[in-house]
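Trainee: Listed here are the chains, written in short residue letters.
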Amino acid sequence: MALTVSREFTDPSAAELLPTVRQMCDDLLAPRAAAAEEAGEFPREVFRTLGAAGLLSLPFPEEHGGGGLPLHDYLQVIEELASAWASVGLGVSVHTLACFPLAIFGSAEQQQRWLPAMLGGELLGAYCLSEADAGSDAAALTTRAERTQGGYRVSGVKSWISHGGVADFYVAMVRTSDDGPKGISCLLLDADSPGLSARPPERKLGFSASPTAQMVFDDVPADGDRLIGQEGSGFGIALAALDGGRLGMAACAVGIAQAALDLAVRYAHERHQFGRAIADFQGLSFLLADMATQVAAARALYLTAARKRDRGEPFGVEAAMAKLFATDMAMRVTTDAVQVLGGAGYVKDYPAERYFREAKALQIVEGTNQIQRVVIGRGLRPS
Amino acid sequence: MRGLRRDRCPLPGPVTGLTVPLSDLEMIGSNRSGRLTGESVTDPSWDQQNTDGPAIARALRLVPGGAFAVVRIVVCVKQVPDSWAEKKLNPADNTLDRDAADAVVNELDEFAVEEALQIQERLGGPDDCQVTVLTVGPEKAIESVRKGLQMGAGDGVHVVDDAIHGSDALATSAILAAAIERLAPDLVLMGSESTDARMSVVPAMVAERTGRPQLTFAGKVDIADGTVTVQRVTDYGYDVVEAPLPALVSVVEKINEPRYPSFKGIMAAKKKPVETLTLADLGVEPAVVGLSGSWSAVQEFAARPPRAAGTVVTDEGDGGTKAADFLSAQKFI
Ligand SMILES: Cc1cc2nc3c(=O)[nH]c(=O)nc-3n(C[C@H](O)[C@H](O)[C@H](O)COP(=O)(O)OP(=O)(O)OC[C@H]3O[C@@H](n4cnc5c(N)ncnc54)[C@H](O)[C@@H]3O)c2cc1C
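Going down the list, the protein sequences come from chains A and B. Residues 9 to 391 in my numbering are what the first sequence spells out, letter by letter. Residues 7 to 339 in my numbering are what the second sequence spells out, letter by letter.
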């Protein structure tokens with residue numbers, strides 16, 4: 009079902025894009041989501057169609073083939089996509105995360121060489137930071153890039169990598185020295201690099217259509233020009249990418265919660281008990297009212313953070329707040345949506361239980377919500 | 007330019023609840039209609055072979071004197087109420103209530119636009135083949151032209167005039183025909199029916215009025231040597247039909263997969279020219295169109311009755327046969 013949300017955009021072109029996005033959601037995403045999630049099938053061709061329509065490059069500069077949209081407008085597209093099919097909204101956000109290091113920190117020469125193809129819609133990216141022993145403490149990563157004559161050889165294992173095994177390029181944070189966070193560098197690697205392989209996808213609680221896999225780097229050669237930014241600047245690049253990525257997760261969370269709310273409202277008006285629609289019971293309508301209010305608040309929070317970034321101001325703390333609030337909100341709202349549907353909410357004939365399972369992941373990815381609090385807490389200083 | 011001439015119109019009028027079998031309408035222009043090549047194919051597996059693009063381009067663009075000519079395609083699109091929405095008639099004049107539902111481009115017309123764009127790509131691009139989107143409709147209908155431009159068409163024509171309101175298929179076809187005469191394209195592409203009126207007669211009428219061969223229900227279109235060849239979808243497979251250009255082709259949804267407008271296409275469409283024309287510009291008399299000039303009129307209408315209970319087939323060992331009989335009686339199998 010199409011979202012009923014009325015939207016405001018910074019760039020009027022985004023408003024003109026919205027009908028196409030909604031048409032794609034209605035025709036291409038929503039009808040397939042349930043079956044593909046059940047079967048654990050990654051919808052590669054859906055991403056090709058999105059790419060052909062320019063939806064895989066919206067927030068990047070037009071000079072490199074991007075759409076040149078402000079983050080504020082791009083994120084609302086993510087929200088719409090996630091509302092129809094969360095794995096697709098998440099996937100577009102992950103692709104953006106993977107393009108970000110080159111688009112912001114790459115040299116002009118590197119950008120000219122690789123960026124147009126990465127933004128062209130045919131290719132899909134993955135972002136490799138986490139490792140089995142370096143999750144929240146990502147700076148403890150041990151995947152190592154040894155210097156060789158013309159570049160590096162990379163060895164190690166990255167964990168929980170979205171699009172692992174299906175991506176066309178991988179941006180990887182690797183250790184180039186033992187100097188803690190300052191010893192981390194960022195490399196851009198092709199999927200067909202020798203020695204790079206994916207382990208079988210993880211079996212997950214939700215997001216089954218979005219493959220998450222360990223990526224094995226077995227002495228993978230990388231030319232020197234594959235280094236994005238300076239040697240040792242990789243951790244800063246990774247965190248900068250995550251600031252935007254967290255807003256992507258917030259937008260996905262709001263999309264899922266909106267879908268759950270829409271479903272709950274529709275069901276509550278159709279379902280009759282004690283001779284009337286269950287929506288007519290105040291006990292239930294207050295639940296729906298709280299859900300709707302939380303969704304609206306979370307949307308306002310992520311859009312405020314995005315506008316800050318679009319004005320060129322620091323927005324890391326606001327992004328962390330938006331990610332924390334929106335994903336916790338989505339967990340509550342999807343839980344309540346299951347409750348509104350009762351038994352029907354618990355069985356798989358309705359998507360309520362799927363929204364609930366999907367919301368859980370968003371409290372963990374791109375920094376757990378505890379880590380978001382760490383970021384926010386650090387930003388709270390007496391002025 | 008040929009105006010509307012009722013004396014040439016073989017349909018009695020005015021009539022209510024007009025249903026004319028398409029085959030009859032096709033007889034109207036039979037002397038100029040697409041010629042059956044004699045190839046009738048019952049195997050519905052489509053000929054997916056790609057035609058040799060450059061060869062077509064050479065064959066088609068060569069005009070007398072050896073100069074290269076641009077191929078011009080006009081695609082007719084209609085704005086209709088969203089096919090999923092419940093449609094309403096306006097009790098004041100028994101015409102469609104256009105405010106009752108979201109307006110969208112008639113689905114089959116998007117296939118026609120897509121086909122035009124694919125032909126354009128095969129012929130070498132916009133320099134070799136121009137695609138124009140044409141619509142007849144109220145102010146708001148320009149949105150459907152815009153959608154065609156967003157998909158990739160080069161320019162648009164919007165015929166808008168208060169006198170058009172309430173035009174039936176015959177009247178609409180007169181306006182479309184006048185616009186097409188003015189644009190004089192090599193090929194006219196249309197969807198084979200609209201989701202609101204569902205009469206499937208306008209392509210045939212426009213072809214007749216403009217003196218073009220009509221090739222209807224196309225599931226595949228090829229152009230070569232000044233000839234258009236289509237696979238005309240039938241109940242049993244397809245017929246191969248060909249005609250010299252200029253011609254008119256109506257398409258069915260099998261023909262392609264319409265693209266979504268790209269973000270760049272949406273941006274570019276804003277700068278593309280759309281010509282607005284009135285009936286006077288086209289030399290069409292207001293008296294022959296609109297509610298008063300239409301040959302058919304809706305005299306009354308009633309809400310759809312609530313859905314009747316379905317047919318229950320009880321399986322007494324022969325359920326499969328009964329279900330198959332039902333389906334074949336409904337022509338599903
Ligand atoms: C579906 C999915 C997709 C993912 N995709 C990617 C991807 O594409 N790329 C990528 O690099 N990673 C990805 N990840 C990994 C994800 O980013 C990590 O799982 C996450 O950062 C948490 O790390 P961890 O799992 O090691 O948990 P841990 O760090 O072990 O945390 C365990 C618990 O301890 C808490 N904790 C840890 N440190 C603190 C602290 N200082 N204060 C308070 N509490 C703390 C955490 O909040 C958590 O509750 C993905 C994960 C999932 C589930």
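In case anyone wonders, no lab produced these hints; they're calculated from the structure. Even glycine gets a Cβ: it sits at the ideal position worked out from N, Cα and C. Treat each hint with caution, since some may be false.
As the list claims (entries may be wrong) - Just a few of them, taken from the derived set where beta-carbon distance is under 7 Å, the chain A residues facing chain B: (1) D19; (2) S21; (3) L25; (4) M32; (5) G75.
Stated by the list, open to error - If you anchor each label on the Cβ, the simulated ranges turn out as follows: (6) A43(A) / D241(B): 27 to 33 Å; (7) R188(B) / R279(A): 19 to 25 Å; (8) P97(B) / A352(A): 21 to 27 Å; (9) A140(A) / D133(B): 20 to 26 Å; (10) E259(B) / V13(A): 29 to 35 Å; (11) A314(B) / G351(A): 18 to 24 Å; (12) E149(B) / A140(A): 29 to 35 Å.
What the hints assert, rightly or not - Part of the chain B face toward chain A, derived, beta carbon under 10 Å: (13) R265; (14) I272; (15) M273; (16) K276; (17) K277; (18) F338.
Trainee: Does each hint fit the structure? Answer for all of them.
Mentor: Status of the hints after comparison with the structure:
no.	hint	verdict
1	D19	10 Å, violated
2	S21	6 Å, holds
3	L25	6 Å, holds
4	M32	6 Å, holds
5	G75	5 Å, holds
6	A43(A) / D241(B): 27 to 33 Å	31 Å, holds
7	R188(B) / R279(A): 19 to 25 Å	57 Å, violated
8	P97(B) / A352(A): 21 to 27 Å	39 Å, violated
9	A140(A) / D133(B): 20 to 26 Å	57 Å, violated
10	E259(B) / V13(A): 29 to 35 Å	31 Å, holds
11	A314(B) / G351(A): 18 to 24 Å	31 Å, violated
12	E149(B) / A140(A): 29 to 35 Å	53 Å, violated
13	R265	7 Å, holds
14	I272	5 Å, holds
15	M273	6 Å, holds
16	K276	8 Å, holds
17	K277	12 Å, violated
18	F338	21 Å, violated
Hint violations for this structure: numbers 1, 7, 8, 9, 11, 12, 17, 18, all remaining hints satisfied.
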